[in-house]
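Asker: Start from the sequences and build out the full structure, keeping to the hints where you can.
Numbering-wise, UniProt numbering puts 12 at position 12 of the sequence shown, and it's gapless, one number per residue.
One thing to keep in mind: the hints can contain errors.
[To be verified] EDC-like cross-link-like pairs, simulated, lysine to aspartate or glutamate; straight-line CA separation at most 20 Å:
| hint | residue 1 | residue 2 |
| --- | --- | --- |
| 1 | 106 | 69 |
| 2 | 42 | 5 |
| 3 | 42 | 56 |
| 4 | 26 | 56 |
| 5 | 106 | 19 |
| 6 | 42 | 102 |
| 7 | 26 | 51 |
| 8 | 106 | 64 |
| 9 | 106 | 129 |
| 10 | 87 | 53 |
| 11 | 87 | 29 |
| 12 | 26 | 50 |
| 13 | 42 | 75 |
| 14 | 42 | 64 |
| 15 | 42 | 114 |
| 16 | 87 | 69 |
| 17 | 125 | 114 |
| 18 | 26 | 72 |
| 19 | 26 | 114 |
| 20 | 42 | 19 |
| 21 | 106 | 72 |
| 22 | 26 | 69 |
| 23 | 42 | 15 |
| 24 | 106 | 96 |
| 25 | 42 | 53 |
| 26 | 26 | 102 |
| 27 | 26 | 53 |
The set of hints was computed from the structure by calculation and includes no laboratory data. Please read these numbers as outputs of a predicted model, since none were measured by experiment.
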Amino acid sequence: MKLNERSLAFYATCDSPADNAGFLYKRGERHTAYHRRWFVLKGNMLFYFEERDSREPVGVIVLEGCNVELCDSAEGFAFAIRFGGTKSRTYVLAAESQAAMESWVKSLSRASFDYMRLVVRELEKQLQEMHWGLAGGCGSSREPPGPWKPKPSGLEQSREQLPALPAILPKENGCAVWNNVLGADRPPDTSGSGGHHEEGNPRPPPLPPRRRVSNDEAASARAIVESPSTFCRLHEQYSREVARLRQDWQQRQRGPRP
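Answerer: What follows is the structure, encoded as structure tokens:
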């Protein structure tokens, strides 16, 4: 793996949030002495500096293909980062307290992309189980849920139960006649059963009496329809009347002049 030193130094010291940061004791590769270093964890990269205010990191550990585990060491609260392979290096670190050690072990164990891949697979599995559970709760079928289809409304379900209506309804006096639509051939009910048919359906309401239009009303209606300026004349007439009444009301409010 080729890493750019400038890019790594910038990434280690930039203002991006760190997953964990703090002082740890790092055991040397050649010498077993421990050195206090400032560690910063960002993603799957563990940077370590000589001091907290150092401008460049001393080294970086890429946390891929490794295991984080506790180990026995002369230094207390020690743990190790072990990589697979015979020639791979093992990093031994030690924290200053039990809480700090547990925090670092947890953060380092979750830093690799392999761990994130496992988390994503587990979440996908849980989501699939939830979908299967919802599908099983809606019905006895265990098939995967298909595309959503709207349920028919009560009006659509009842259309099949309604009798077929005639294409053209008979009319009387300009209105459709109810008695000629359903059950017009039935004789009137004289059994006193409360206005209901034998099947329990309510009887249709009676038709209102036919009103005869007089000649004067018909002539006035035709005159209103034929003259398009009738509305304008009525508007002007009533507007003058309203203006006169408003003027009289204002004079009464002012009172008699001295």
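Asker: Hints the structure violates: just list their numbers, smallest first.
Answerer: Failing hints, ascending: 9, 10, 13 and 19.
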